[in-house]
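One letter stands for each residue in the lines below.
Protein chains: 2
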Amino acid sequence: MAKEVTKRAENYSQWYSDLVVKADLAEQSAVRGCMVIKPYGYAIWEKMQGVLDGMFKETGAKNAYFPLFIPKSFFSREAEHVAGFAKECAVVTHHRLMNNPDGPGIVVDPEARLEEELIVRPTSETIIWSTYKNWIKSWRDLPVLCNQWCNVVRWEMRTRPFLRTTEFLWQEGHTAHATAEEAEEKAWEMVNVYAKFARECMSLPVIVGHKSPNERFAGALDTLTIEAMMQDGKALQSGTSHFLGQNFAKSFDVKFADSEGNLQYVWATSWGVSTRLMGALIMAHGDDCGLVLPPALAPIQVVMVPIYKTPEERSAIIEKMEEVKKGLLAGGHSVEIDDRDTLRPGFKFAEWELKGVPVRLAIGPRDLEGGTVEVHRRDTMEKQTVPLESLVGAIGSLLDDIQRNIYAKALAFRDSNVEKCDDWEEFKEKIGTGKFLLCHWDGTAETEQKIKDETKATIRCIPVDSYVCEEEGRDIYSGKPSPRRVVFGIAY
Amino acid sequence: MAKEVTKRAENYSQWYSDLVVKADLAEQSAVRGCMVIKPYGYAIWEKMQGVLDGMFKETGAKNAYFPLFIPKSFFSREAEHVAGFAKECAVVTHHRLMNNPDGPGIVVDPEARLEEELIVRPTSETIIWSTYKNWIKSWRDLPVLCNQWCNVVRWEMRTRPFLRTTEFLWQEGHTAHATAEEAEEKAWEMVNVYAKFARECMSLPVIVGHKSPNERFAGALDTLTIEAMMQDGKALQSGTSHFLGQNFAKSFDVKFADSEGNLQYVWATSWGVSTRLMGALIMAHGDDCGLVLPPALAPIQVVMVPIYKTPEERSAIIEKMEEVKKGLLAGGHSVEIDDRDTLRPGFKFAEWELKGVPVRLAIGPRDLEGGTVEVHRRDTMEKQTVPLESLVGAIGSLLDDIQRNIYAKALAFRDSNVEKCDDWEEFKEKIGTGKFLLCHWDGTAETEQKIKDETKATIRCIPVDSYVCEEEGRDIYSGKPSPRRVVFGIAY
Chain A
68 MAKEVTKRAE NYSQWYSDLV VKADLAEQSA VRGCMVIKPY GYAIWEKMQG VLDGMFKETG
128 AKNAYFPLFI PKSFFSREAE HVAGFAKECA VVTHHRLMNN PDGPGIVVDP EARLEEELIV
188 RPTSETIIWS TYKNWIKSWR DLPVLCNQWC NVVRWEMRTR PFLRTTEFLW QEGHTAHATA
248 EEAEEKAWEM VNVYAKFARE CMSLPVIVGH KSPNERFAGA LDTLTIEAMM QDGKALQSGT
308 SHFLGQNFAK SFDVKFADSE GNLQYVWATS WGVSTRLMGA LIMAHGDDCG LVLPPALAPI
368 QVVMVPIYKT PEERSAIIEK MEEVKKGLLA GGHSVEIDDR DTLRPGFKFA EWELKGVPVR
428 LAIGPRDLEG GTVEVHRRDT MEKQTVPLES LVGAIGSLLD DIQRNIYAKA LAFRDSNVEK
488 CDDWEEFKEK IGTGKFLLCH WDGTAETEQK IKDETKATIR CIPVDSYVCE EEGRDIYSGK
548 PSPRRVVFGI AY
Chain B
68 MAKEVTKRAE NYSQWYSDLV VKADLAEQSA VRGCMVIKPY GYAIWEKMQG VLDGMFKETG
128 AKNAYFPLFI PKSFFSREAE HVAGFAKECA VVTHHRLMNN PDGPGIVVDP EARLEEELIV
188 RPTSETIIWS TYKNWIKSWR DLPVLCNQWC NVVRWEMRTR PFLRTTEFLW QEGHTAHATA
248 EEAEEKAWEM VNVYAKFARE CMSLPVIVGH KSPNERFAGA LDTLTIEAMM QDGKALQSGT
308 SHFLGQNFAK SFDVKFADSE GNLQYVWATS WGVSTRLMGA LIMAHGDDCG LVLPPALAPI
368 QVVMVPIYKT PEERSAIIEK MEEVKKGLLA GGHSVEIDDR DTLRPGFKFA EWELKGVPVR
428 LAIGPRDLEG GTVEVHRRDT MEKQTVPLES LVGAIGSLLD DIQRNIYAKA LAFRDSNVEK
488 CDDWEEFKEK IGTGKFLLCH WDGTAETEQK IKDETKATIR CIPVDSYVCE EEGRDIYSGK
548 PSPRRVVFGI AY
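Protein sequences, first through last, are from chains A and B. Per the numbering used here, numbering of the first sequence is gapless, rising by one per residue and ending at 559. Per the numbering used here, numbering of the second sequence is gapless, rising by one per residue and ending at 559.
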């Protein structure tokens, strides 16, 4: 094979790192904790953005852009928010460099110190609500439904490409409403958009639910989440939608006159997904040969590799491939012909498998004679021979089938690794073995914290659409009464 | 009228500021020199991005993402680049905030000082070429054609929305090539992409040419530019494409093995356009009633305003409008029905004129009876009555006509304000009156600087496709021999 990838069973974490680098998705940059997203990785992110952006716009959201920098004092305004976000962050203190007066190189000009430090946004609630104050005066100005695609920075101590990086790309939606009900509905609408995107485009089964108070966004009254299981059984929080109540409206004094002329504080939501979804995509579907991309997000859905010995064979096959390519493009599929002459077909096969291209077509001299093509699907690694005249239709069905099959496989894997658990000893034994455990919980932050301290497990969510289990029971740890089971897991 | 806009003749600069704010394009943020791009403004930028991104991809460029932060030492590597870009910039010195031990609020944690300061990118040549070093080993790895859509920060002393802001959005392409010829060709290809985009989508006539050495990008061997004339006769540099030679390859030691195995430094280009284009769009076409948007970039191409007295009339007209809307959407046009019931039609007309929507349709009870619609075009403010059955075709032609007409108008304006000038006294008299002057220049930086010091005029470009004037003459200032005329103007 072209580039060796560590096997999952051997070292899952190394397998992930290998895939990121060897499939040309991303690499470490010269700046601590910041990654370079390479063209192939970025093309997947662009596909995600395209689909999500369309879905957001269907909900009425409009894109806008708010400043990268946030005045330090803004973080002190919302009490919980400051604790959650104003700790590890990039602080701009100066606005000028100068030639080093004492030697070579350049130094920070001590005279160019800012009066107030600026924080590189870790999230934009504060700067956006300081702006909304000017936009919202009357009930007629509501709702405000803005989304922003941008970069954010959180000074993480331990970073891993896509999963946790100092700088990452994301979208953050920020909405303002006249009533609590409307805001809560919006928070639900958006988490369901995320769930639909994850399931239909990423082929990623996710559990929708509430976060427990411990795991809530700093400043939120309720955080809704989509939680996915990776192939090591760990949980990846893949998107969140927050009902913020009137917290930010109060901190930034954003009031509207209702239809009777009474001044009221505005109700808020915010919701976001990030390049972390790239990590989910890799870890949920990849195998020991490389990435497995769902067709809906694959930058290249079909790759064609010519098999030849002589230059004459080569040109005849490539000519045929150009014809096939036209048909596939007209059918709405993205196609590439790998006509590199210096590499053997086996090398090319391995490379495209590593990159997760859903379908590979090979045409050799015998295919040319017989009017056939060899069709290989990445998800199952199965091959079949298809007559050229029915190829376009066959590829369309095959891509649909791959999209469904990847989802079904991930769902079956998750289902087989979710268990009810009612015994604390059993919990401690099983939680580290790659399971989600459905357990009773007494609803206190204290118990959740103790469970976390002893096992590293956290409540991934209080599920609302999968594994819902509204039955009386007793907390797995404290033994206190509990009205329902929640999902425990070890998280990335 | 809904919102008063200062007249251009009265105060052009105030007119511009009024338009930006009152047409809901952007506003000042709480952070010095940084703007908030509002949804309507951002929608225009998204249209620009969409068209440009497609054009870039047709040239083979692929999008990628590089870090926001650049280690300070990187700026010292390329001697000219450091002088040009490492001066006024945002410097990150710390990575943590803490509660103020001496009182309320939060302060920078003095223990969290970075070993090496990070600069918020003013442009990304250095971080990208430090990355390309790992990507490029052999001639087979070339060319590398990357583009990045991102935010950049330059600590400007005087800022104006879109034209010059501390943070702005842009794209920056960075290409690597095996030969000087190929890199130069790429620089030309990209400036021509910009010119085509400006002319065809923005309806903006631009002059393509070389920058004089004084006005070159810091680190470039040649800078190509598109220069536009605003309605006050000032020049706006609207996009640049740089041939960087081997400067960055040498600074970051990026070599490739050619087909004979010899190690050679790589040749480079970079090219960019920014949200400054929004400023160009506003200033080139707007009038005293507001924005005039070319249909190719208008978020809303057609707005419909119902004219009614009774609720019955209203619902009958809006029903008809929904039908018309469907037809127009099917024809590929973006349409909005302004069904707000609390505002008079005259108010709505003024608001949509302010926002530059190319075509406005009004339907009243008499139109409904007669099967007609009143069609108003924003560029000329002319009205006509069109039978409903031929509306879709008529709108399509009208939008094309508006797109062409806006261009023609701007071109005629520019042509009438470009003059040859061979007399220094005349130059001094005319250059401040809103003209581009075609003058002879002796080719020295010294003369250019003296002219700038005396008149604020700079060489906007050495034109290659408009106003080309390859004739012998004498420098307007120094009297020394000159082989061609160049374009002088006062720039934004």
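Just so you know, these hints were derived from the structure itself, not from any lab. Be careful, since some hints might not be right.
If several chains are the same, the list does not tell them apart, and a pair holds so long as it fits within one copy or across any two.
[Claimed, not checked] Calculated cross-link-like contacts (lysine-lysine; reagent style DSBU-like; alpha-carbon spacing at most 35 Å):
(1) K129 - K114
(2) K263 - K393
(3) K387 - K74
(4) K317 - K497
(5) K124 - K393
(6) K450 - K154
(7) K450 - K517
Treat the numbers as computed from the prediction; the structure is a model and nothing was measured.
Inset, instruction - Please work out whether the CA atoms of K450 and K154 approach to 35 Å or closer within one copy, between two copies, in both situations, or in neither? - result: neither (53 Å within a copy, 60 Å between copies)
Inset, instruction - Classify it for me, K129 with K114: is the Cα-Cα distance of at most 35 Å met within a copy, between copies, both or neither? - result: both (19 Å within a copy, 13 Å between copies)
Inset, instruction - Check K450 against K517 for me: Cα-Cα at most 35 Å, and say if that holds within a copy, between copies, both or neither. - result: neither (52 Å within a copy, 74 Å between copies)
Legend entry - Homo-oligomer pair classification [K74, K387; C-alpha up to 35 Å]: neither (37 Å within a copy, 63 Å between copies)
Inset, instruction - Could you place K124 and K393 in one of the four classes (within, between, both, neither) given a Cα distance threshold of 35 Å? - result: For K124 and K393, the Cα distance is within 35 Å both inside one copy (32 Å) and across copies (18 Å).
Inset, instruction - Since the copies are identical, ignore which copy is meant and state whether K317 and K497 lie within 35 Å (CA to CA) inside a copy, between copies, both or neither. - result: Neither, since 45 Å and 56 Å both go past 35 Å.
Legend entry - Status of K393 relative to K263 across identical chains (alpha carbons, at most 35 Å): For K263 and K393, the Cα distance is within 35 Å both inside one copy (32 Å) and across copies (28 Å).
Violated hints, in rising order: 3, 4, 6, 7; the structure is consistent with all others.
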